[in-house]
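Q: Those sequence lines, one after another, are chains S and H.
Start counting the first sequence at 1; every next residue gets the next number (the working numbering).
Start counting the second sequence at 1; every next residue gets the next number (the working numbering).
Treat the hints with care, as some may be off.
[Claimed, not checked] Partial list, computed: chain H residues near chain S (C-beta under 8 Å): (1) GLY220; (2) THR223; (3) PHE445; (4) TYR458; (5) ALA500.
Derived by calculation from the structure, the hints in this document are not laboratory data.
Beta carbons: idealized from backbone N, C-alpha and C, even for Gly.
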Amino acid sequence: MLKICTGNVHVSRGLLALMLFGAPGLGMADTRMTFQPPVTEIASRVSDLHSFLMGIIIVIFVAVFGMMFWAIFRHRKNLGHQAKPFHESTTVEIIWTIIPALILIAMAWPAAKLVISQRNSAQPDITIKVTGYQWYWGYDYLDQSFGFKSKLLTPQDQIQNYGPNAPAKDAHYLLEVDEPLVVPVDKKVRLLVTSNDVIHSWGMPAFAVKQDAIPGFIRDTWFKANKIGIYRGQCVELCGRSHGFMPTVVKVVSQKDFDTWVAAKQLAAKATLFEPGKPITKEALIEAGAKVYANNCAACHQPDGKGAGPFPALAGSKIATGPKAGHIHIVLNGKNAMPSWKAALSDAELAAVITYERNSFGNHTGDFVMPDEVKAAR
Amino acid sequence: MTTLAHEAHHAGHDGHHAPAGWRRWVFATNHKDIGTLYLWFSFAMFLTGGLMALGIRAELFKPGLQFWQPEFFNQLTTLHGVIMVFGAIMPAFTGLANWQLPLMLGAPDMAFARMNNWSFWLLPPAALLLLISFFVPGGAAAGGWTLYPPLSVKAGMGMDLAIFAIHLLGLSSIMGSINIVTTILNMRAPGMTLLKMPMFAWTTLITAYLLIAVAPVLAGAVTMLLTDRHFGTHFFSAAGGGDPVLFQHIFWFFGHPEVYIMALPAFGVVSQIIPTFSRKPLFGYVSMVYATCSIAVLSFMVWAHHMFMVGLPLDAQLIFMFITMLISVPTGVKVFNWVATMWQGSLTFETPMLFAIGFVCLFTVGGFSGLVLSIAPIDTQMHDGYYVVAHFHYVLVAGALFSLFGATYYWLPKWTGYMYHEGRGKFHFWWSMIFFNVTFFPMHFLGLAGMPRRIPDYALQFTDFNMIASIGAFCFGFGQLLFLYNVIHTIKGGVGKAPANPWEGAHTLEWEVPSPAPHHTWETPPDEALVRKGLRAQYLEGHDD
Ligand SMILES: [Cu+2]
Ligand SMILES: [Cu+2]
Chain S
1 MLKICTGNVH VSRGLLALML FGAPGLGMAD TRMTFQPPVT EIASRVSDLH SFLMGIIIVI
61 FVAVFGMMFW AIFRHRKNLG HQAKPFHEST TVEIIWTIIP ALILIAMAWP AAKLVISQRN
121 SAQPDITIKV TGYQWYWGYD YLDQSFGFKS KLLTPQDQIQ NYGPNAPAKD AHYLLEVDEP
181 LVVPVDKKVR LLVTSNDVIH SWGMPAFAVK QDAIPGFIRD TWFKANKIGI YRGQCVELCG
241 RSHGFMPTVV KVVSQKDFDT WVAAKQLAAK ATLFEPGKPI TKEALIEAGA KVYANNCAAC
301 HQPDGKGAGP FPALAGSKIA TGPKAGHIHI VLNGKNAMPS WKAALSDAEL AAVITYERNS
361 FGNHTGDFVM PDEVKAAR
Chain H
1 MTTLAHEAHH AGHDGHHAPA GWRRWVFATN HKDIGTLYLW FSFAMFLTGG LMALGIRAEL
61 FKPGLQFWQP EFFNQLTTLH GVIMVFGAIM PAFTGLANWQ LPLMLGAPDM AFARMNNWSF
121 WLLPPAALLL LISFFVPGGA AAGGWTLYPP LSVKAGMGMD LAIFAIHLLG LSSIMGSINI
181 VTTILNMRAP GMTLLKMPMF AWTTLITAYL LIAVAPVLAG AVTMLLTDRH FGTHFFSAAG
241 GGDPVLFQHI FWFFGHPEVY IMALPAFGVV SQIIPTFSRK PLFGYVSMVY ATCSIAVLSF
301 MVWAHHMFMV GLPLDAQLIF MFITMLISVP TGVKVFNWVA TMWQGSLTFE TPMLFAIGFV
361 CLFTVGGFSG LVLSIAPIDT QMHDGYYVVA HFHYVLVAGA LFSLFGATYY WLPKWTGYMY
421 HEGRGKFHFW WSMIFFNVTF FPMHFLGLAG MPRRIPDYAL QFTDFNMIAS IGAFCFGFGQ
481 LLFLYNVIHT IKGGVGKAPA NPWEGAHTLE WEVPSPAPHH TWETPPDEAL VRKGLRAQYL
541 EGHDD
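Can you build the whole structure from these sequences, using the hints too?
A: Here it is in structure tokens:
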């Protein structure tokens with residue numbers, strides 16, 4: 001198993017695979033020709049049903065095209081074959097209408113049973129709300145009352161390899177997040193899926209789960225993973241610029257590990273951005289803002305604020321050193337490839353990060369933004 | 001034979017009433033001129049959309065972004081879809097219908113000659129709107145050819161241009177369809193009853209009805225988008241009491257019949273070509289007609305199979321799954337009939353026949369992957385992934401496009417008066433056949449393994465198959481220049497003059513007029529005796545043995 005693949009290795013493997021066309025993937029790293037190994041009962045049944053269908057399809061295909069190629073090889077004019085002008089047979093037409101219909105019934109029966117089990121989300125052990133944002137996922141553990149956002153971890157410089165010296169890509173390139181969804185093994189997990197902006201779709205191939213996230217509506221789906229491990233999927237509904245960059249990652253753990261994790265999360269949720277009771281100072285804002293920046297903005301604008309490729313530098317930027325209103329406006333509402341942070345960050349977080357940007361990377365505006373100003377600009 | 005003499009005599013003074021120069025094309029009312037315009041237009045669009053496809057495949061050759069930013073990549077996928085569907089495939093079939101219907105039915109022209117002119121000349125402005133949209137602020141529409149809101153509501157003005165382009169294209173389609181229906185229903189030669197007309201006329205007729213039914217639905221959907229975008233309506237916004245999923249219902253109520261709008265004429269073409277080169281009548285003519293009609297009716301009742309993941313109620317999911325599966329019955333009947341037509345024939349394999357056989361094989365692959373997709377729980381794994389991309393390219397490229405290539409080689413002698421170069425035609429076929437499969441077959445595996453569609457960059461395990469697909473796409477794409485070469489070579493004289501009927505096994509009326517078909521044909525309807533001779537040769541009447 002190759003863990004880290006450079007582009008060049010892949011070029012040659014691609015060509016090799018082309019030569020061996022029909023058997024690419026043989027002995028090659030992670031290339032798969034079929035479903036990811038199923039980790040839920042539903043996914044196993046989907047996989048079995050698919051194999052059953054493919055069996056029938058291949059038999060029909062071989063039979064029909066066997067006939068056709070027989071004709072192609074035997075009933076040729078250059079072999080002196082004379083055409084026999086038969087052109088009608090009601091019996092034959094009835095036969096080849098009824099037989100396929102019967103085969104379809106044989107397929108529809110198990111399919112219908114599977115749909116019914118797949119849609120039965122009743123009596124979950126745990127319920128999690130999943131929210132699609134442009135372009136990351138939010139997970140809220142409704143019963144445990146905490147939540148977090150789950151964002152792509154792959155650094156921009158691995159993605160933007162326009163130049164010749166792109167760094168090597170991680171093994172889980174584009175399928176890694178800062179904080180995965182954590183669930184206990186062998187428990188029925190119900191997901192309530194919705195969206196904050198456009199339609200996204202939460203998909204997890206190993207679970208045979210896919211549910212569109214529709215703004216203004218909540219739809220549900222569920223899974224019961226039967227194996228501890230980390231599973232990876234992606235957003236599967238075009239949702240704008242970074243549609244390809246919002247993976248779904250689920251970490252399935254034992255009930256005990258899950259409980260420990262939940263306890264830690266609940267504790268962290270109680271801690272707030274600023275120390276309660278104290279007045280909010282410029283220094284406090286900058287300190288908190290640095291964290292918000294590292295978690296949300298550094299991926300594009302870079303940790304040193306110097307920007308990269310299409311992402312402008314904030315160091316010395318007209319907006320980040322100009323009037324506060326313009327700065328607040330672009331962060332709140334976004335612009336082209338710059339996302340809107342209205343929904344993702346609180347007033348306090350926004351005030352902190354904007355203050356940080358105005359007083360770091362060599363910017364010295366000296367002013368600061370209070371949460372109330374952000375609130376007023378919303 | 002009197003008709004023939006008349007035609008030949010008439011051809012002589014064509015020049016008098018055909019306007020020359022650019023006026024001939026801008027003011028064209030002759031079905032052959034308009035057909036030619038349609039065909040060249042669609043070919044230009046095919047190259048444009050194809051260039052975009054190569055842009056997509058170049059970016060996907062390896063992981064990481066190397067050519068485009070994601071915004072532009074999304075514009076490429078969107079416009080590739082819109083242009084290929086509305087600019088290339090649909091106009092190409094209208095072009096074929098324009099050229100062939102009057103010739104095959106024994107009519108002097110299409111029923112509404114001036115409307116015909118309009119329905120063509122709406123297309124270039126629409127295409128221009130789409131191309132210009134790349135240069136407006138925010139770029140072209142980037143929400144996929146399906147234009148789902150809220151993404152499309154939030155998009156820049158490229159979306160407005162796309163909406164207007166779709167309005168124009170829809171209008172054009174409706175006018176073209178009305179023309180086709182009227183011509184077929186009213187202008188057939190004496191003796192040619194509905195159940196004796198060529199299968200191509202049947203499938204075109206049903207297609208035209210489908211278009212008249214659903215083009216206004218699409219126009220309605222995009223108009224609602226437009227008012228949501230600019231006039232404060234909330235059809236598709238939950239915050240205002242609307243529902244984003246409503247758009248998907250309306251869109252696919254258009255969209256699924258649209259699939260058959262692109263497939264049925266292809267069925268018709270293939271049903272002309274296979275009997276010709278099998279030297280046998282089409283097997284099961286009547287059942288073919290019934291199959292076409294039932295496909296058309298069923299196509300209105302399956303739209304939600306594109307929406308299995310939106311969270312439909314259980315019952316709806318089951319019903320849409322069952323009806324979708326049912327469509328494979330009439331489709332299967334068609335394939336069986338084609339195979340039975342070839343069975344015990346006296347087969348030859350000229351280029352049109354090769355494309356027809358390629359069509360039957362690969363369309364069936366696409367049909368089977370469609371059957372797999374119709375199973376809702378399996379669709380959970382495939383929906384919005386590369387399996388779907390593979391599926392619809394099997395039905396649209398190996399399906400519709402291959403049939404169009406076949407049709408072109410089949411009728412080119414009639415259109416130009418010259419024979420194409422058979423060896424180069426065959427080479428074009430094999431090249432296309434091989435590289436089509438190199439491009440699209442691996443996409444099945446990508447889809448099964450979970451690669452989503454419409455992404456500019458992908459995880460490492462998808463690399464191998466993407467590379468193969470990209471290499472295939474470039475070979476397939478550049479191979480089509482050979483097609484262009486073949487056509488131009490034929491127009492310029494090809495390998496020699498074509499007789500009125502270059503195909504031993506062809507018995508339809510278009511082969512009764514000289515090659516090239518004179519500017520005006522069948523100004524007096526063909527003799528009933530002549531019509532009946534052809535019908536008897538096709539075993540559509542009078543063999544009481
Ligand atoms: Cu997405
Ligand atoms: Cu459909």
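Q: All the hints need checking, so say for each whether the structure fits it.
A: Hints versus structure:
no., hint, in the structure
1, GLY220, "violated, 20 Å"
2, THR223, "violated, 20 Å"
3, PHE445, "holds, 4 Å"
4, TYR458, "holds, 7 Å"
5, ALA500, "violated, 21 Å"
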